[in-house]
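*Asks:* One letter stands for each residue in the lines below.
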Amino acid sequence: MKKNQFIEKLIHGIFLLLGLITVGCVLLITVYLVISGIPAIKEIGFVDFLFGKEWASTASEPKYGILPFILTSIYGTAGAIIIGVPVGFMTAVYLSKMASPKVKSVMQAAVSLLAGIPSVVYGLVGMLVLVPGIRKVFNVPDGASLLAAIIVLAIMILPSIIKMSITALDAVPKEYEDASLALGATPIETYFKVSVPAAKSGIAAAVVLGVGRAIGEAMAVMMVAGNVPNMPDSLFQSVRFLTTAVSSEMSYSSGLQRQALFSIALVLFLFIMLINVTLNFFLKREKE
Amino acid sequence: MSNIITVKDMNLWYGDHQALHNINIEIPEKSITAFIGPSGCGKSTFLKTLNRMNDLIPSVKITGDIRYNDADIFGKDVDVNSLRKEIGMVFQKPNPFPMSIYDNVAYGPRTHGITNKAQLDEIVERALRDAAIWDEVKDRLKKNALGMSGGQQQRLCIARALAVQPKILLMDEPTSALDPISTSRIEELVMELKNKYTIVMVTHNMQQALRVSDNTAFFLLGELVEFGKTDDIFSQPKDKRTEDYITGRFG
Ligand SMILES: Nc1ncnc2c1ncn2[C@@H]1O[C@H](COP(=O)(O)OP(=O)(O)OP(=O)(O)O)[C@@H](O)[C@H]1O
Ligand SMILES: [Mg+2]
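As given, the protein sequences belong to chains U and A, one line each in that order.
Anchor point for the first sequence: position 29 equals 29 in the numbering used here, and the numbering is continuous, going up by one each time.
Quick note, the numbering used here runs 1000 ahead of the 1-based positions in the second sequence.
Some clues are possibly wrong.
Capping the alpha-carbon separation at 27 Å, the derived lysine-lysine pairs in BS3-like fashion look like this [said to hold, decoys possible]: (1) A/K1194 <-> U/K97; (2) U/K193 <-> A/K1008; (3) U/K63 <-> U/K42; (4) A/K1143 <-> A/K1093; (5) A/K1138 <-> U/K193; (6) U/K174 <-> A/K1030; (7) A/K1061 <-> A/K1008; (8) A/K1008 <-> U/K174; (9) A/K1117 <-> U/K200; (10) U/K193 <-> A/K1143; (11) A/K1030 <-> A/K1167; (12) U/K97 <-> A/K1061; (13) U/K163 <-> U/K63; (14) U/K97 <-> A/K1117; (15) A/K1142 <-> U/K193; (16) A/K1093 <-> A/K1030; (17) A/K1194 <-> A/K1138; (18) U/K104 <-> A/K1194.
Computed footprint of chain U on chain A; a stretch qualifies when at least three of its residues, placed anywhere within it, have a C-beta under 8 Å from a C-beta of chain U [as the list claims (entries may be wrong)]: (19) 1051-1063; (20) 1156-1162.
Hints listed in this document are in silico derivations from the structure and should not be mistaken for laboratory results.
All values reported here derive from a predicted model rather than from experimental measurement.
Backbone N, C-alpha and C define an ideal beta-carbon position, used for all residues, glycine too.
Make a model of the complete structure from these sequences and hints.
*Replies:* Shown next as structure tokens:
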């Protein structure tokens, strides 16, 4: 009896410890980012840093404005969402509601495969196919651009949007659909007027997850976006994202420049926190 | 009174399993027809055949002839959605949409192209009145329907079915999930409705069949054993199996 209790307690303790390790990691990263990110922001000035239009970290008179990165990340993510969400959403409706079981299983396997491809491969294919393609089709000097990044990101977020939307749509009780069909609504009307609204918070969560993936992606966009710190004035501009701003200068940076990179990481971190909070909000509403 | 539905030599299979054998029945207009029989005998299956909800199950195969107002319901020129608009259905488990009470009732009319607000208001009110639930919900039409009691939800589902102005209302054990008070309200309602609609109702409750229906059909193992005036079926059944069932010696 006593021994059993002791084992219970021991196991409880081990699990608690393991849980705390995760929480500890998050806290550590947060604290570290805040501590190392603040000094540069102070030195450069909050407004100059966030809203400065020029990034010239290695110039004799260096400029540390990250507005180009922030806007690029926002535009790039928004563009990926505008393309990726309708495609992913329609695919999910098709697979969940219309496709035959055979088609559904084949296509779901393909989607899972797409999710498993490492981002460097997306980047590689983007570099070799997409970038030259854009140069030819739009007749621009360099295809490595915001547009190329948007397209690659759109494809990269497809799997998570499709999978989560399918889960949400599959969970819609069949009784709702039967009721709609029995009222004389067509299957398509039923899917869009009953099934989709019933699954809407799950679908919203899928979109937020896609945003999170897109904004955090570094490798693939580094390879196709040109990686030049320009303001994203046009789709064909070579640009640099928040993620790639950190990774591309880290290895040779020093002093204020290095500190500024930490500040960029902090900004990115805050963006992602915001997205997570939004995601949790939708997921909670889904449960209710 | 003329027959609104005529079924001749109808058979139905789920894959290899034959669920209905050689059904013949004529359902009179503006009356209440009750389907009784033990669990698994095919009552729901037959009911769902009448508005072609069985089409949604890929393994189902049907032979024979089913006529609604003398037209073959499986005819080439029949639009299944229009058929289902005319032959409405209320399910065993109340299944309101997760929307407001108003939107639930307005769903059908909207689907069939009515957008005028005043017209919709009128249809919704009439349907809710016909389903004897108007007084209970008139002050909370914008509230989510899932917040209602089971009995209210079922009457809402009846209102939703009535809002598309069907000719026939198929009801699959509409009171099996309800308490006695809600049940008797729905029974009263059904008897009211037969002035305007033809009602076909599956029930496990013998007393209910006796109380409300004009005609009764007794199903057993996928066969229609006996069909006739409710009073005759319950007082002097012709078939021994019917007698055993209604006297409780069976099923
Ligand atoms: N979707 C289905 N696929 C395969 N077989 C089915 C399906 N639905 C019903 N059946 C079978 O058809 C037969 C009749 O079922 P049905 O649901 O019509 O019975 P019921 O008379 O309505 O029973 P209950 O009173 O329990 O509702 C049963 O043997 C059942 O197993
Ligand atoms: Mg049944």
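*Asks:* Confirm or reject each hint.
*Replies:* Hints and how they fare:
no.: 1; hint: A/K1194 <-> U/K97; result: violated, 37 Å
no.: 2; hint: U/K193 <-> A/K1008; result: violated, 37 Å
no.: 3; hint: U/K63 <-> U/K42; result: holds, 14 Å
no.: 4; hint: A/K1143 <-> A/K1093; result: holds, 20 Å
no.: 5; hint: A/K1138 <-> U/K193; result: holds, 24 Å
no.: 6; hint: U/K174 <-> A/K1030; result: violated, 31 Å
no.: 7; hint: A/K1061 <-> A/K1008; result: holds, 16 Å
no.: 8; hint: A/K1008 <-> U/K174; result: violated, 31 Å
no.: 9; hint: A/K1117 <-> U/K200; result: holds, 25 Å
no.: 10; hint: U/K193 <-> A/K1143; result: holds, 18 Å
no.: 11; hint: A/K1030 <-> A/K1167; result: holds, 9 Å
no.: 12; hint: U/K97 <-> A/K1061; result: holds, 22 Å
no.: 13; hint: U/K163 <-> U/K63; result: violated, 43 Å
no.: 14; hint: U/K97 <-> A/K1117; result: violated, 31 Å
no.: 15; hint: A/K1142 <-> U/K193; result: holds, 18 Å
no.: 16; hint: A/K1093 <-> A/K1030; result: holds, 25 Å
no.: 17; hint: A/K1194 <-> A/K1138; result: holds, 24 Å
no.: 18; hint: U/K104 <-> A/K1194; result: violated, 45 Å
no.: 19; hint: 1051-1063; result: holds (count 3)
no.: 20; hint: 1156-1162; result: holds (count 3)
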